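Spelled out from the first residue to the last, the chains are:
Protein chains: 2
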Amino acid sequence: MSPHFHPVDLKKAYRLLNHGPTVLVSASHAGVDNVMAAAWACALDFDPPKVTVVIDKITRTRALVENSGWMVLQVPNAGQLQLTHQVGSHSLAEQPDKLDQAGVELFRVDGYPAPLVAGCSAWLMCRVIDEPHNQTTYDLFIAEVVGAWADERVFVEGHWVFEKADPALRSLHYVAGGHFYAIGEALDVEQS
Amino acid sequence: MSPHFHPVDLKKAYRLLNHGPTVLVSASHAGVDNVMAAAWACALDFDPPKVTVVIDKITRTRALVENSGWMVLQVPNAGQLQLTHQVGSHSLAEQPDKLDQAGVELFRVDGYPAPLVAGCSAWLMCRVIDEPHNQTTYDLFIAEVVGAWADERVFVEGHWVFEKADPALRSLHYVAGGHFYAIGEALDVEQS
Numbered sequence: 001m002s003p004h005f006h007p008v009d010l011k012k013a014y015r016l017l018n019h020g021p022t023v024l025v026s027a028s029h030a031g032v033d034n035v036m037a038a039a040w041a042c043a044l045d046f047d048p049p050k051v052t053v054v055i056d057k058i059t060r061t062r063a064l065v066e067n068s069g070w071m072v073l074q075v076p077n078a079g080q081l082q083l084t085h086q087v088g089s090h091s092l093a094e095q096p097d098k099l100d101q102a103g104v105e106l107f108r109v110d111g112y113p114a115p116l117v118a119g120c121s122a123w124l125m126c127r128v129i130d131e132p133h134n135q136t137t138y139d140l141f142i143a144e145v146v147g148a149w150a151d152e153r154v155f156v157e158g159h160w161v162f163e164k165a166d167p168a169l170r171s172l173h174y175v176a177g178g179h180f181y182a183i184g185e186a187l188d189v190e191q192s
Numbered sequence: 001m002s003p004h005f006h007p008v009d010l011k012k013a014y015r016l017l018n019h020g021p022t023v024l025v026s027a028s029h030a031g032v033d034n035v036m037a038a039a040w041a042c043a044l045d046f047d048p049p050k051v052t053v054v055i056d057k058i059t060r061t062r063a064l065v066e067n068s069g070w071m072v073l074q075v076p077n078a079g080q081l082q083l084t085h086q087v088g089s090h091s092l093a094e095q096p097d098k099l100d101q102a103g104v105e106l107f108r109v110d111g112y113p114a115p116l117v118a119g120c121s122a123w124l125m126c127r128v129i130d131e132p133h134n135q136t137t138y139d140l141f142i143a144e145v146v147g148a149w150a151d152e153r154v155f156v157e158g159h160w161v162f163e164k165a166d167p168a169l170r171s172l173h174y175v176a177g178g179h180f181y182a183i184g185e186a187l188d189v190e191q192s
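Chains A and B, in that order, give the protein sequences. Quick note: the first sequence uses UniProt numbering, first residue 1, plus one each step. Quick note: the second sequence uses UniProt numbering, first residue 1, plus one each step.
None of these hints come from the bench; they were simulated from the model. Incorrect hints may have been included.
No copy labels: a pair is met if it fits in one copy or bridges any two.
Below, simulated DSS-like cross-link-like pairs (lysine-lysine); rule was C-alpha separation at most 25 Å, straight line [claimed, not checked]:
# : residue 1 : residue 2
1 : Lys164    : Lys98
2 : Lys12     : Lys98
3 : Lys98     : Lys11
4 : Lys164    : Lys57
5 : Lys11     : Lys57
6 : Lys164    : Lys11
7 : Lys12     : Lys164
8 : Lys12     : Lys57
9 : Lys57     : Lys98
Just so you know, these numbers come straight off a predicted model, no measurement behind them.
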């Protein structure tokens with residue numbers, strides 16, 4: 001585990017997703033670990049923090065999430081561009097060594113069942129809230145965030161500091177066809 | 001209506017939200033128009049395109065969305081930073097001239113009931129799919145996108161071109177406390 005891996009107050013966990021980054025979804029069940037990329041993840045509530053994420057039925061990760069009831073949503077960064085795209089474009093079903101090929105290193109936090117991806121900028125440990133209609137009809141999963149961490153070099157005392165941190169730690173924002181944007185310039189409102 | 005307001009193929013409409021921008025939600029019912037900001041909006045499906053958005057019960061906009069069954073999700077830009085924050089921090093209930101105060105100019109597109117906010121970078125006309133459990137329990141709305149448009153200076157033939165366009169047209173990504181980021185540098189994966 002990186003020395004920069006620091007806990008985030010659950011009341012501020014929504015801020016890790018608020019700016020709309022693409023995430024990696026990791027899960028584990030019956031000895032199988034997997035990781036996929038998901039652009040369609042979103043905060044849903046502040047306290048307790050909740051999230052939504054869309055996970056297609058064709059993904060191998062979905063079965064792991066459904067069977068274990070747990071997943072991690074983590075915020076990959078510019079330094080993980082290739083990794084993010086690789087886990088988003090290959091399935092464990094056709095590439096059994098997918099995680100090795102993509103250079104994914106997993107780690108665990110005591111007390112939580114789902115694996116985390118090393119090198120990300122933030123992590124949300126999520127317990128799935130069973131919503132069969134949403135899952136079946138829309139591939140939409142709702143989960144409660146029960147643990148949150150961030151790389152303290154880019155998320156400091158409840159605030160992203162992309163403008164001051166190593167550019168490799170900027171979040172990724174996927175569009176399509178291998179085309180991403182990194183998060184950019186800080187813009188602060190004039191408070192009246 | 002701006003000469004740069006151009007239709008977007010519905011099959012590519014998901015790209016307007018894929019990178020996670022903060023949106024403005026506009027709606028109208030019984031002669032009342034309103035606009036609010038929402039950071040928790042997300043694509044949900046490709047074809048037909050669907051979206052999710054979280055709209056708190058305390059907002060005036062929510063009643064307009066529920067009563068009319070229509071809303072527009074639009075992507076405001078760096079040139080609308082103050083406007084976006086103002087419509088996100090004031091309610092029509094306490095400030096009846098909220099839209100004027102924030103400098104919001106609305107326009108309509110023939111055949112669609114919900115009003116659009118001028119000056120944004122993209123617009124998604126959405127028909128609400130009635131999901132009472134999600135709306136009541138999570139403040140979560142699901143809608144189908146039935147019309148999409150973008151400013152052709154920043155979304156060209158199905159692709160965002162933030163890196164080439166006027167920086168004032170960059171999307172906004174809200175964190176908290178009046179602190180936003182603009183979308184940043186384009187990062188393209190090396191295709192193997």
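Of the numbered hints stated earlier in the document, which are not met by this structure?
1, 2, 3, 4
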